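Residue numbers (this note's numbering), protein chains in the order written: chain A, 1 to 336; chain B, 1001 to 1206.
Just so you know, the hints here were simulated from the structure itself, not pulled from any lab data.
Hints are not guaranteed to be accurate.
[To be verified] Derived coverage of chain A by chain B (criterion: at least 3 residues anywhere in the stretch with Cβ under 8 Å from a Cβ of chain B; other residues may be distant):
1) 10-16
2) 20-31
3) 36-50
[Said to hold, decoys possible] Cβ pair distances, simulated, as ranges:
4) B:SER1063 <-> A:PRO84: 44 to 54 Å
5) B:GLU1068 <-> A:ARG41: 28 to 38 Å
6) B:LEU1124 <-> A:ASP16: 14 to 24 Å
7) B:PRO1009 <-> A:ALA71: 43 to 53 Å
8) B:ARG1019 <-> A:GLU9: 27 to 37 Å
Quantities reported herein were computed from a predicted structural model and do not represent experimental measurements.
Glycine included, every Cβ here is placed at the ideal spot set by N, Cα and C.
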Amino acid sequence: MSNHDPLDELFGPQDDPRVDAAMRAIGDLLLEEPDELTARRHRRAMAAARPVGIRQVVERSVVAGVAATAAALALAAGGLLPGPAQDVVADLASLVGLDLPRPTTEGDLTEAPASSEKGEAPEAEDASPPPSGRPDTPDASTPAVPTPDTPTPETTTPDTTTPGTPTPDTSTPGDVGGDDDRTAGDATRRSEDTPGRPRELDRPADEPGRSGAAPRRPSEAPGRTTAQQGRSSEAPGRPSEIPARSEDTPGRSEDAPGRSGGTPAAGDTPAVGDTPAAGDTPVTDDSEGLPPEQSEGPDDGAVGLPELPQGPTLPQWPERAFGAQVHDAAPPADGL
Amino acid sequence: MGRGALLGPTFVSVLRAARRGRQSAWDAIYRDLAPPLLGYARSQNAPDPEDLVGEVFLEVVRSLSRFEGDEEERFRGWVFTIARRRLVDARRRSGRRPADLTAPGVLAERAGTYEDDALERLSLEDVRALLACLSEDQREVMVLRLVAGLRTAEIAEVTGRHPEAVKGLAKRAIARLREVLGTPGRSADDPPGDEDVPPPSGPGRR
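Isolated chain B, as found in the complex:
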C-alpha cells in the first residue's frame, strides 16, 4: 500500500541526468509521477486533471534548478507541493468547490453494502464514493499517503500543516472509512436510515 519510491536507488542518477537535460531522465520522472499526480488531481476534484498535471510538470522542469537534495521522498513532496498550489489556482479560476466528489445519494446507496468479496472488486467509482465520505483535509492526507506514497513529513510540507496534525487527520480518515464500510455482514437491504449517508455507527460522521 502506498507507492513509495519507485525510482529507488536510481533516483539520484535520474535526477542528475534530468538536471543535465536528458530526455530519458525526464521520461522516467514523468512515468513515475504522472499517475499519482493525476490520481491526486482527480481525487481533489480538479477542474481539468490532465491540464493540471501538465502544468505541474512544466513547473517542475522550469524549477528543477531550485530543488535541493537528492532524496526521492523530498523530490516527490516538492512535486506535490507544486501540484497543490496549481490545484488551488485552478479551483480559484474555475470557482469550483472541492468537496462535491459524489452525490450524497450515491454514497447512501453504497454505504454498508460492501461484502468482503465485493471489496476486492471495487471500482473507481466506488473508491471515489468512499473518498467522498471524507472531509477535504482527510481525503487529501489519504491520497497523499496512499497514492503519492508520501511520508508524514512530506505531507505536512505539502499541506502546510504540522506533522502531528497530519497524523491526526490520517487517524480520523481511517476511522471514517471504517464507519462507511459498516460492519461486516450488513446487507444492502438494510435501510440506510434517515440520513443521506447511513454510517453504521450512526451519527457523528462529520
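One chain only, chain A, in its complex shape:
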C-alpha cells in the first residue's frame, strides 16, 4: 500500500464550498460517543470476553495458593487431616516456623478423624493391630507386666500408663471383692487394647473421637443395668469406667465404689493370670466373654457416657466397649 490514496484527491478541498461544508458536517456530526451507560456496558462485556492474560493467571494462582494454604493450615491445626497429609502440612508449616500437631502413629492419624466424626470406634482399628507381624501383638499378649517397664516409644507409652494407674488403685480396697478377678481381666484387656491404640491416649485430639464413641456407651448402659447384677463381678473389672457408670445408673452404687477405685486394675496382677486364655492376643481375651465387636471401637466413648440417653436399642455394644473406654478413660482417672 502506497501512501497515496486516490480518495484523498476526491475528498480533498472542493471547488464548491457547500460540498466542502457538507462533507465536514458528515464527518463531524456522525461521530457520536456512545452514552456513558452504553459505554460502560460495552466495556464490561469486553472485559468478560477478554482472554485471560498471563499476568492475571499468575495473580489468580497466587490468590488460590494462599487460600489453599490457609485452609490446609486450619485443618492441620485442628488435627483434622489424615495422618500423611497432616505430616506433610506440618512439615511445610515448619518451614515457616509454624508448629502444627503431628500424628504420632500413622494408624491413628488416618483413622482418628473418621471415627470421631461418625461417633464409631472403628472396629478395624482394634482388629488391625493384632496382626501377628506387628510389635503391638506381643505387648498385648504380655498383659500387665510390660506396663511399667516398657517405656516403649510413643505408641506403647499410653498403655503403660494405664496399667500403671491400676496399681495404685489396688490399694484402694474399694473394689468389690470378687471383682478383682475381673478387674484383672479387664486390666489385661486394657493392656491389650492399649497397644493397639497407642495414639489415642496421647492425643488430646482423641477427645473428639471419644465423643463420637460415646454413643456406644448408652447402648451398653441399658444392657448393663440388667446384666450388672448378674455381672456384679464383671463390672468391677473396668475401673476407669466406673466414674461414668456411677453417674449413669444410680442403681449401681455398688459398682460405683469398686469402679471408682476400679482404675486400680489392682486386679491386674491376678488378672494376668486370669486372662491366660487371652494371653495370645488381647482380642481373644475380650472375645471370650464379650461379643467380638466391642473389644475394638469403644475406647473413645468414655467421655460422652453421661450425656447420652440410654438407648435400649444398643445392646449390641456391650462391655467390650467399656473395656476400650476404660482405656481412654484411664488417663483422666489417674488425674482424679
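Use these hints to put chain B onto chain A, whose structure you have.
Chain B only, in chain A's frame:
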C-alpha cells in the same frame, strides 16, 4: 476531514497491550473506534446501533488473536469489516431495509435551501437528510471515508469491492451531494419542482 489514525504512533504498543489483555489498551481502542462505529451503524440505518457496536467490540476482543499486522488502517478496516457483517446480520434479523433513512419529503423541503452560512450549522438531521439522497453503496463509501477514515484499499476490503469500484462510487456520491445542495443562492422559496427530491440539476438523480 476524515478521521485517519487517531492512535497514531502509539497504535502498535496499544495493540500489543490489548493482545496481552491490558484494560487500558482496550479502553483506548474503544474510545477511538466506538464513535465512528456508532456513526456508521446509524448512517446505515442499523436496527439497534448501540447493540451493534457492542457486538462488534465483543467480536474484536474474541478475534484479536486472528488479526495480523500492526498498521492502524488495517486494524480499522478489519474492525469495520466485522461491523459490516454484523450490520448485515442485524438487518436480516429485523427485516429492515437499509435505505429509508429519511422520508423523501423531508429531503424535498431541504434540498436547495442551504445557504453558505447555513451549511456551517448543519444539524445531525440535515446530515442524515443529505445522506439519504445517496444510494446505499454511495452512502456507505462516504461514511467509511468521512467517518471511519478508511482509505480506498480498506473500504474495498470492507465492502468487498474492487478499489476502482470504490473510487467510482465515491465520485458519484460527491456529484450527487453537489446536486442536492443546489446552486449557491438558490432560495427555499423556489419551487422544488415536480419530483419529491428537487435536485437543482433536474433529473438523473439515481
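Within 28 to 38 Å or not, the Cβ separation of GLU1068 (chain B) and ARG41 (chain A)?
-> 30 Å, holds
With 44 to 54 Å as the target window, see if SER1063 (chain B) and PRO84 (chain A) comply at their CB atoms.
-> 49 Å, holds
Can the suggested window of 27 to 37 Å be confirmed for the beta-carbon pair ARG1019 (chain B) and GLU9 (chain A)?
-> Check passed, 36 Å falls within 27 to 37 Å.
Do at least three Cβ atoms from the region 20-31 of chain A come closer than 8 Å to Cβ atoms of chain B?
-> With 10 residues in contact (Cβ-Cβ under 8 Å with chain B), the coverage given for the region 20-31 of chain A holds.
For the region 36-50 of chain A, do three or more residues have a beta carbon lying closer than 8 Å to a beta carbon of chain B?
-> Held - the region 36-50 of chain A has 10 residues with a Cβ nearer than 8 Å to chain B, which meets the minimum of three.
Has the hinted range 43 to 53 Å been met by the Cβ atoms of PRO1009 (chain B) and ALA71 (chain A)?
-> 50 Å, holds
Satisfaction of the hinted span 14 to 24 Å by the C-beta atoms belonging to LEU1124 (chain B) and ASP16 (chain A) | 22 Å, holds
With a Cβ-Cβ cutoff of 8 Å, does the region 10-16 of chain A contain at least three residues near chain B?
-> holds (count 4)
Every hint, counting from the list given before, is met by this structure.
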